[in-house]
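Q: Chain order of the listed sequences is A and B.
Note that this note's numbering numbers the first sequence so that position 50 is 50, with each residue one more than the last.
In this note's numbering, each residue's number is its place in the second sequence (first place is 1) plus 1000.
These aren't lab readings, by the way, just hints derived from the structure by calculation.
It cannot be assumed that every hint is accurate.
[What the hints assert, rightly or not] Partial list, derived from the structure: chain B residues whose beta carbon lies under 8 Å from chain A:
#, residue
1, Ala-1050
2, Tyr-1053
3, Pro-1114
4, Cys-1117
5, Ile-1141
6, Met-1250
7, Val-1255
8, Val-1292
[Said to hold, decoys possible] Here are the simulated distance ranges between beta carbons:
#, chain 1, residue 1, chain 2, residue 2, range
9, A, Gly-155, B, Thr-1065, 34 to 44 Å
10, B, Ile-1181, A, Gly-155, 12 to 22 Å
11, B, Tyr-1157, A, Lys-235, 50 to 60 Å
12, B, Thr-1176, A, Lys-235, 51 to 61 Å
13, A, Leu-142, B, Lys-1216, 42 to 52 Å
14, B, Val-1064, A, Leu-232, 36 to 46 Å
15, B, Lys-1216, A, Ala-19, 26 to 36 Å
16, B, Leu-1158, A, Thr-260, 23 to 33 Å
17, A, Leu-142, B, Asp-1205, 29 to 39 Å
18, B, Ser-1201, A, Val-45, 45 to 55 Å
19, A, Lys-89, B, Glu-1044, 34 to 44 Å
20, B, Glu-1044, A, Trp-157, 34 to 44 Å
Source: prediction; values computed, not measured.
For glycine and all other residues, C-beta sits at the position ideal for the given N, C-alpha and C.
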Amino acid sequence: MMHNRPFSLHIDPDDFAPATSEEKESLVIMRDSVSFWKDGLRRLVKNRIAMVSFVIIMLIVMFAYLLPVFWPYRYEQQILGSENLAPFKYGETEQARIDAGEKVFPHIFGTDKNGRDFAVRLMMGTRISLTVGLVCAALVLLVGSTYGAIAGFAGGWVDNIMMRITDILYTIPDILLIILLSVIIRDPLKELSEVSGFGWMQRVGPNLLAIFIVFVLLYWVGMARITRSQVLVLKESEFVTAARALGAGNGRIIRNHLLTNCIGTLIVTTTLQIPSAIFTESFLSFVGLGVAAPMPSLGSLATDAVKGMNTFPHLLLLPAVLISVIILVFNLFGDGLRDAFDPKLKN
Amino acid sequence: MLKYALKRIVTGLLSIFMVATLTFFLMNLVPGGPFVAEKSISAEAQAALAAKYGLDKPLLQRYVTYMTDLLKGDMGVSLKQRGRTVSDIIFTKFPVSASLAAVAVVISLLIGIPLGCLAAYNRGKIPDNIILVLATCGIAIPSFISSVLLLYSFGMYLPDLFGLDHPILPTVGLSTAANYIMPVTALSIYPTAYITRLMRSSLLDVMGQDYIRTAKAKGLPTSKTIFKHALRNALLPVVTYVGPMLAGLMTGSFVVEKIFTIPGLGKEFVSSITNRDYTMIMGTTIVLATLVITANVIVDILYKIIDPRIKLK
Chain A
1 MMHNRPFSLH IDPDDFAPAT SEEKESLVIM RDSVSFWKDG LRRLVKNRIA MVSFVIIMLI
61 VMFAYLLPVF WPYRYEQQIL GSENLAPFKY GETEQARIDA GEKVFPHIFG TDKNGRDFAV
121 RLMMGTRISL TVGLVCAALV LLVGSTYGAI AGFAGGWVDN IMMRITDILY TIPDILLIIL
181 LSVIIRDPLK ELSEVSGFGW MQRVGPNLLA IFIVFVLLYW VGMARITRSQ VLVLKESEFV
241 TAARALGAGN GRIIRNHLLT NCIGTLIVTT TLQIPSAIFT ESFLSFVGLG VAAPMPSLGS
301 LATDAVKGMN TFPHLLLLPA VLISVIILVF NLFGDGLRDA FDPKLKN
Chain B
1001 MLKYALKRIV TGLLSIFMVA TLTFFLMNLV PGGPFVAEKS ISAEAQAALA AKYGLDKPLL
1061 QRYVTYMTDL LKGDMGVSLK QRGRTVSDII FTKFPVSASL AAVAVVISLL IGIPLGCLAA
1121 YNRGKIPDNI ILVLATCGIA IPSFISSVLL LYSFGMYLPD LFGLDHPILP TVGLSTAANY
1181 IMPVTALSIY PTAYITRLMR SSLLDVMGQD YIRTAKAKGL PTSKTIFKHA LRNALLPVVT
1241 YVGPMLAGLM TGSFVVEKIF TIPGLGKEFV SSITNRDYTM IMGTTIVLAT LVITANVIVD
1301 ILYKIIDPRI KLK
């Protein structure tokens, strides 16, 4: 029959036989589908530099937040007679106590000119610097991504106006305004913190709050631009069109397609925001516009040590090295995160 | 093209105006005035001084006066350095900072670009790894840290070590060429490291393009492929970095000038804020902001001219 009618659409009925169970088996996906997070995490764990950086970050976090709790000295505690000690030396009164058979915890990094244990000051300084970095990055993420997402989703004239605002803010050299603002905002905040109901501000410290506010006011612009550009591109991409064609609603598209695709970039940008905030904070403290004494920050510890660096170089070297190491490991970890989670840079 | 250029220039001017306005009102919100700190001056004398400099007038009126004067090019007189006009001070201080920044820019470009190329050329090999590690570390060191460490090692530690009674490199001022070495090194570590990384990644990016494959396929030697085809395109991102680099150098100059006691504009800016010298704050802020904004605008426009692939919107 086939030979008689070579061009007919003769169909082999065997092709339409129901599949046997073995055939069905072979179509089952053998591996669990890898989620975005698992996939990224797998790549992150494989990245040796990023993992080492992560371990160092954890060590620094413990050094800053955990160790001062167990340390026998406090950061503002001035020990009379123990000023300007070299590492592992004791003051006269302390020596007398040791001679009397008491145990005195050694000043492993010595003391400063006011007789304060330098090790604990270094820890508190790291704590302040880290806190500034983490809180500022989180706030910037919140403000910037919301603003950028709104602009990107809305499009049209809303987007236009919102982006013109960021354009202007973006061209302003931020450090000038950061310096000005941090001076201005400090005193009103101090007054506000004395009003009842704002007592929590006392605990945080008006200076620190001023730094948070100033950083957020000026740094959200970059985050907003990144989020907007991501949302704009993703909105038009094929997989969104496909999802829409398959009947997905706006909510589902945003949650399952837009957000998952931009979250990598957001995480990376936020992580890389941390070192830049720490950088700026230490710079401000170094110029003398950062957190107020007796609270230390790594920048102010470095400034205080500049005058006596001839006799006590370790007071300068320790905070200086620590700032650089913190910025370095956060940068490296951020780079690792980008390689792992930024879908566009996959492979 | 012209439309784009005009648009960027207008945005730039708007930014400068915004900076001036913001600074003016922010500055006046700062508690304490320029004469409060001087204990020797009685209350009446303070009031008289305030009246003399027009500080007793309402804020809005002062703003209008200042802005109209500014348009005429008059930035007023310094409230602290009596008898000197702000433009006079800026004219004497600016060249100092500018020469420092210019040397730093040249050094960063001269070192950063070749290092980046070298790294990209030897991708994955030992030179690449060494350069990458150095560049990554360079990005992590703030300029105030590097300048303090330089000051310590060349001003104190090494002279002590060799038993010299004078610093190896001069540590104060900018009088001789040797004076430039430490401040410029401190200022250019970050931009050099940044440019190296930028150059490496952009060159690698370009080397993967089709036209490079074509160049290789037609038998061009590698050096010619890099210099004639790849480098020209790979340099574009570095051009855009010039704007942010200037802003970064300005930030750096605030501390570097303080540490090496260089009488420049950055030092003037910081001290004018602590002194509440209103006219000086305004003057330095406007000049510095104008500089950075102008650089950004020029770079943006140049970028579109250099790279025809970028569509003009």
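Q: Take the hints in turn and mark each one as holding or not.
A: We went through each hint and held it up to the structure:
1. Evaluation of the Ala-1050/B hint against chain A yields a violated restraint, the C-beta minimum of about 20 Å exceeding 8 Å.
2. Using the Cβ-Cβ criterion of 8 Å, the hint placing Tyr-1053/B at the interface with chain A is not satisfied: the shortest such distance is roughly 20 Å.
3. This hint is violated: Pro-1114/B has a C-beta 23 Å from the nearest C-beta of chain A, more than the 8 Å allowed.
4. Violation of the interface hint for Cys-1117/B is found here, the shortest Cβ-Cβ separation to chain A being roughly 21 Å, above the 8 Å cut-off.
5. Against a cut-off of 8 Å between C-beta atoms, the interface hint on Ile-1141/B holds, since the closest Cβ of chain A lies about 5 Å away.
6. The interface hint given for Met-1250/B is met, as the beta carbon of that residue sits about 7 Å from the closest beta carbon of chain A, less than 8 Å.
7. Of the supplied interface hints, the one on Val-1255/B holds, with its beta-carbon coming within about 6 Å of a beta-carbon of chain A, less than 8 Å.
8. Interface hint at Val-1292/B: satisfied, since its Cβ lies 4 Å from the closest Cβ of chain A, which is below the 8 Å cut-off.
9. The hint said 34 to 44 Å for the Cβ distance between Gly-155/A and Thr-1065/B, and at roughly 43 Å that hint holds.
10. Distance hint check for Ile-1181/B and Gly-155/A: the Cβ-Cβ separation is about 53 Å, which falls outside the suggested range of 12 to 22 Å.
11. For the pair Tyr-1157/B and Lys-235/A, the supplied restraint of 50 to 60 Å holds, since their beta-carbon distance comes to about 58 Å.
12. The beta-carbon spacing between Thr-1176/B and Lys-235/A, approximately 59 Å, falls within the hinted interval of 51 to 61 Å.
13. The hint said 42 to 52 Å for the Cβ distance between Leu-142/A and Lys-1216/B, and at roughly 48 Å that hint holds.
14. Between Val-1064/B and Leu-232/A the Cβ separation comes to about 41 Å, which falls inside the hinted range of 36 to 46 Å.
15. One distance hint, 26 to 36 Å for the beta-carbon pair Lys-1216/B and Ala-19/A, is violated here, with the actual separation near 50 Å.
16. At about 55 Å, the CB distance of Leu-1158/B to Thr-260/A disagrees with the hint of 23 to 33 Å.
17. Restraint check, Leu-142/A to Asp-1205/B: a C-beta distance of roughly 33 Å satisfies the suggested window 29 to 39 Å.
18. The beta-carbon spacing between Ser-1201/B and Val-45/A, approximately 24 Å, falls outside the hinted interval of 45 to 55 Å.
19. For the pair Lys-89/A and Glu-1044/B, the supplied restraint of 34 to 44 Å is violated, since their beta-carbon distance comes to about 55 Å.
20. With their beta carbons about 56 Å apart, Glu-1044/B and Trp-157/A fall outside the hinted range of 34 to 44 Å.
Going down the numbered hints, you'll see the structure goes against 1, 2, 3, 4, 10, 15, 16, 18, 19, 20, while the others check out.
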